[in-house]
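Heads up, the sequence shown stops at 281 in the working numbering, and the numbers go up one at a time, no gaps.
Since the hints were derived computationally from the structure, they do not count as laboratory data. Remember, it's a predicted structure, so these values are computed and weren't measured experimentally. Do not rely on the hints blindly, as some may be mistaken.
20 angstroms max Cα-Cα, derived EDC-like pairs, lysine to aspartate or glutamate [claimed, not checked]:
1) K92 with D113
2) K70 with D88
3) K99 with D113
4) K83 with D113
Computed beta-carbon distance windows for the label pairs [to be verified]:
5) M240 with P96: 47 to 55 angstroms
6) K83 with P208: 20 to 28 angstroms
7) R174 with P48: 29 to 37 angstroms
8) A278 with F45: 28 to 36 angstroms
9) Y180 with K70: 44 to 52 angstroms
10) S254 with D197: 28 to 36 angstroms
11) N222 with D50: 36 to 44 angstroms
12) D50 with A133: 40 to 48 angstroms
13) D242 with Q134: 35 to 43 angstroms
14) M55 with Q134: 25 to 33 angstroms
15) I37 with A116: 24 to 32 angstroms
16) A133 with R174: 26 to 34 angstroms
17) D113 with G266: 16 to 24 angstroms
Glycine is no exception: its CB is placed at the ideal position from the N, C-alpha and C atoms.
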Amino acid sequence: MTTMKLNLETERHLNLYPKSQLRMQTLPLICMEAIFSFLEPKDLYTCMLVCRHWNSVIHGKGKYIWKAMINKVLPKASAEDIKLKEFFPNAKDLFKAFVFAWNPNDISATMYVKPDCFTVYRKPIAQCTDAVRGKRPVTSGVHAFDFIWHSPFGTAAVVGFGTINERLTCPGYESLIGKTDQSWGWNLVDHQLLHKNNYRPYPANTNMQNTVQTNSRIRLIIDCDRKMAGFEMGDEFLGVAFKKLPSVALYPMVAAVYGHSEISMYYMGLAELG
Numbered sequence: 008m009t010t011m012k013l014n015l016e017t018e019r020h021l022n023l024y025p026k027s028q029l030r031m032q033t034l035p036l037i038c039m040e041a042i043f044s045f046l047e048p049k050d051l052y053t054c055m056l057v058c059r060h061w062n063s064v065i066h067g068k069g070k071y072i073w074k075a076m077i078n079k080v081l082p083k084a085s086a087e088d089i090k091l092k093e094f095f096p097n098a099k100d101l102f103k104a105f106v107f108a109w110n111p112n113d114i115s116a117t118m119y120v121k122p123d124c125f126t127v128y129r130k131p132i133a134q135c136t137d138a139v140r141g142k143r144p145v146t147s148g149v150h151a152f153d154f155i156w157h158s159p160f161g162t163a164a165v166v167g168f169g170t171i172n173e174r175l176t177c178p179g180y181e182s183l184i185g186k187t188d189q190s191w192g193w194n195l196v197d198h199q200l201l202h203k204n205n206y207r208p209y210p211a212n213t214n215m216q217n218t219v220q221t222n223s224r225i226r227l228i229i230d231c232d233r234k235m236a237g238f239e240m241g242d243e244f245l246g247v248a249f250k251k252l253p254s255v256a257l258y259p260m261v262a263a264v265y266g267h268s269e270i271s272m273y274y275m276g277l278a279e280l281g
């Protein structure tokens, strides 16, 4: 239903009620959707906290509301992208993915976030390693992030996560993510896990070696409740990668060394580890 049709339908419903009887709680669903669709995302979140009825309309039933939110925050090309629609048939899920997408203000100066909002690009600058964080961290629950590395890996191509204190650039060609106690990474080139500059082969199943290719879809799962994290490829869980994670905010991250690197990241919502 187009916005114009939605508004006309809303007006028709409103005319059925005496003005003295008009209350948000008594309005038909289509009318409430139309009203909420005009709000900014931050105001919509506030409305979700008002009462159970409003939360139900916005969070559970308001499919037109989330389409309106997508049109407010995403460029038109991304909002109409067929691939994104295949990833996220539900507009609310696409909006959540945008909320967690790469942060254009928390990124190495050698990188930038492309107009699609989900892909980061590394400029062809030599002798440095560069990283980017997502816009929103996870602190509780179990969350899944999908990474797609569109370009050649170079000597280091690391997916993982870290705190707000992890650096975003370093000289030379390094893994960067996992070099300190502030981040945890998996280098797709040599299949090594890295944390506190300690390396460990991953996955343990040697048959998985050399299967990570360009454009492979790699899923990171962070279990904040059990303090663990692991990776999946396809339908296969590769095993627990990290344990005893600290109770701090953790951001998805990637680090790249190859010029013209392009890496997409999509928040896939709640998940299960293993």
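Now the hints, each set against the structure:
Straight-line distance between C-alpha atoms of K92 and D113 comes to about 27 angstroms, which puts the hinted pair past the 20 angstroms bound. Restraint check for K70 and D88: satisfied, since their Cα atoms lie roughly 18 angstroms apart, inside the 20 angstroms limit. In summary, the hint linking K99 to D113 is not supported, as the alpha carbons are separated by about 25 angstroms, beyond the 20 angstroms threshold. Taken as a hint, the K83 and D113 pair is broken in the structure, with Cα atoms around 24 angstroms apart against an allowance of 20 angstroms.
A beta carbon spacing of about 23 angstroms between M240 and P96 contradicts the range 47 to 55 angstroms that was offered as a hint. Remark: the range hint 20 to 28 angstroms for K83 to P208 is contradicted by a beta-carbon distance near 45 angstroms. Between R174 and P48 the Cβ separation comes to about 31 angstroms, which falls inside the hinted range of 29 to 37 angstroms. Judged by the Cβ atoms, the range 28 to 36 angstroms given for A278 and F45 holds: they are separated by roughly 33 angstroms.
As the Cβ distance of Y180 to K70 is approximately 47 angstroms, the hint placing it in 44 to 52 angstroms holds. For the pair S254 and D197, the beta carbons lie near 30 angstroms from each other, so the given range of 28 to 36 angstroms is met. Between N222 and D50, the C-beta spacing of about 39 angstroms keeps the proposed range 36 to 44 angstroms intact. Our hint of 40 to 48 angstroms for D50 and A133 holds, since their Cβ atoms are close to 46 angstroms apart.
The hinted range of 35 to 43 angstroms is satisfied by D242 and Q134, whose Cβ atoms lie roughly 39 angstroms apart. Range check, M55 to Q134: about 48 angstroms between beta-carbon atoms, so the 25 to 33 angstroms window is missed. About 48 angstroms separates the C-beta atoms of I37 and A116, a value inconsistent with the hinted range of 24 to 32 angstroms. Under the hint 26 to 34 angstroms, the C-beta atoms of A133 and R174, about 19 angstroms apart, miss the expected range.
In this structure the hint that D113 and G266 lie 16 to 24 angstroms apart at CB holds, the actual value being about 21 angstroms.
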